[in-house]
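For reference, the chains in residue letters:
2 protein chains.
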Amino acid sequence: MEVITRIDTMREKLISSRQVGQKIGLVPTMGFLHDGHLSLIRKAAQENDIVVVSVFVNPTQFGPQEDYEEYPRNVERDALLAEEAGATFIFHPSVEEMYPENYETYVEVTDLTKVLCGRSRPGHFRGVTTVVTKLFNIIQPDRAYFGQKDAQQTIVIQKMVRDLNQNVKICVCPIVREKDGIAMSSRNTYLTNEERMQAAVLHKSLEMAQKMIDEGERDAKTITKAIEKQICTMEKAYIDYVALVSLHNLQPLTVLSGDILIALAVKFGATRLIDNVIITV
Amino acid sequence: MEVITRIDTMREKLISSRQVGQKIGLVPTMGFLHDGHLSLIRKAAQENDIVVVSVFVNPTQFGPQEDYEEYPRNVERDALLAEEAGATFIFHPSVEEMYPENYETYVEVTDLTKVLCGRSRPGHFRGVTTVVTKLFNIIQPDRAYFGQKDAQQTIVIQKMVRDLNQNVKICVCPIVREKDGIAMSSRNTYLTNEERMQAAVLHKSLEMAQKMIDEGERDAKTITKAIEKQICTMEKAYIDYVALVSLHNLQPLTVLSGDILIALAVKFGATRLIDNVIITV
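Note that the protein sequences, when read in sequence, are chains A and B.
The numbering used here applies: residue 216 is where the first sequence begins, and numbers increase by one.
The numbering used here applies: residue 216 is where the second sequence begins, and numbers increase by one.
Quick caveat, the hints were computed from the structure, so don't treat them as lab data.
As a list, the in silico BS3-like pairs of lysine-lysine whose alpha-carbon atoms are at most 27 Å apart:
| # | chain 1 | residue 1 | chain 2 | residue 2 |
| --- | --- | --- | --- | --- |
| 1 | B | Lys238 | A | Lys384 |
| 2 | B | Lys436 | B | Lys329 |
| 3 | A | Lys482 | A | Lys419 |
| 4 | A | Lys436 | A | Lys329 |
| 5 | B | Lys364 | B | Lys329 |
| 6 | A | Lys426 | A | Lys364 |
| 7 | A | Lys436 | A | Lys419 |
| 8 | A | Lys419 | A | Lys440 |
| 9 | A | Lys329 | B | Lys329 |
| 10 | B | Lys419 | B | Lys436 |
| 11 | A | Lys482 | A | Lys440 |
| 12 | B | Lys451 | B | Lys440 |
| 13 | B | Lys238 | A | Lys238 |
| 14 | A | Lys258 | A | Lys364 |
| 15 | A | Lys394 | A | Lys426 |
| 16 | A | Lys451 | A | Lys482 |
| 17 | A | Lys228 | B | Lys384 |
| 18 | B | Lys444 | B | Lys364 |
| 19 | B | Lys329 | B | Lys482 |
| 20 | A | Lys238 | B | Lys228 |
| 21 | B | Lys238 | A | Lys228 |
| 22 | B | Lys451 | B | Lys419 |
| 23 | A | Lys444 | A | Lys426 |
| 24 | B | Lys384 | A | Lys384 |
| 25 | B | Lys384 | A | Lys238 |
| 26 | A | Lys384 | B | Lys228 |
| 27 | A | Lys364 | A | Lys436 |
One chain only, chain A, in its complex shape:
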């Protein structure tokens, strides 16, 4: 498997495959691959002839106070894991290759990005939609794979693809969890042992919410309160948001009905973790 760092080289590598009608799958990542990423790569390998895994810690999606510098990186390890999972190429450009001097063009989904993580991280989704558009234009994939863990991201990207008429099918794959239920994330490496143990409360609180709904609860406030109460039992936890929203427009619900997204963002020490579940009532 080849690690490609230049945009022109990446394009050239794919020309002949595309000409003979081979299908190309793209798995955009920021690297430091875990089983969540690998499940996307495996799925892409099942469904396509060529799988490109991009590994790029994208500076435009980090806020000035966020963890761009500290974000864990290990492209050699990523290359081995990606190959094993079925990747054909790793695309690993430099920041200068993706954002040359005087770079100034951005893609923005304006409304779906005003809430949840978009509200806590201004500019984050503009960075995501910009880099994903660039990757779509460079790779021209038939399918692109994203993890359900980043629920709002998948919804924003699907909206962008529809609005801009981008020629790609978006495939969303289930959250992969550790044994204790915590959603896999490259940022889990930041956690101390104590924070790591307490972070399991995220998934537990979502399970509790699911159970409340299964038992007939339909009042959003009651469920929100119960989730917040459970998270607050962990002394290292600082809630950013607990949201019960419509899956389609991310607007808050009062009475639950239809397709619901329950999404959480909680800080454990300096580490902000997210988790979510989709429930159809």
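Chain B: place on chain A using the hints.
What follows is chain B alone, placed relative to chain A:
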């Protein structure tokens, strides 16, 4: 020649051409075609196997006080003229087809759009880059043709293509002028006879500037002043801007050197006209 109104139909029409390696040229227009547009279509027909002329009065590039409603439209006449010039398809979608309910995704070039027409028409270029990106994604052209009359537009679009890694070559074609030198524009139809006669001053003042530079003048202020003075002799003329800027970054020049854009925007009555010349010193 076919007039196609649906995005899906347009895509389907081009699949087989693309598969056999035919080259596709796109000429994006707002319709009401004149010889300027036809020169683009003829050029596209020379250089490509398939020529798509889009005819779409794009609402997102008009300000709330601008002429979106009044903008002249005649797609039947456009179809005849375009076919004669060598077009294969007219793509003429409705506003609802291009901007369905809850549309919310925009492409923006942030710095080059702060000056000249971008300053006078806030949001204009965001509308242009968004609709052009949509057209690129729908048509997937090998080449796209734009007129030099909209000088800033060509520079903004070339920047967008480079920044977002869009897969298309941008071809810029010379300004086509009436006998008296006025640049062809669908908006010329708005002018009264008197305004029409006075508007010839735009081209004349650019010729004068060219002559001053040929004779050795290098001071931007002196040339700007001379242009403004000449335009002001016309009583119907209201200057929006007279700009001597670097062709590459559109920043104002004090002393002329390198590739220079002299760009004018002047209102005659309610009609805003633009014109420009590129000079290499």
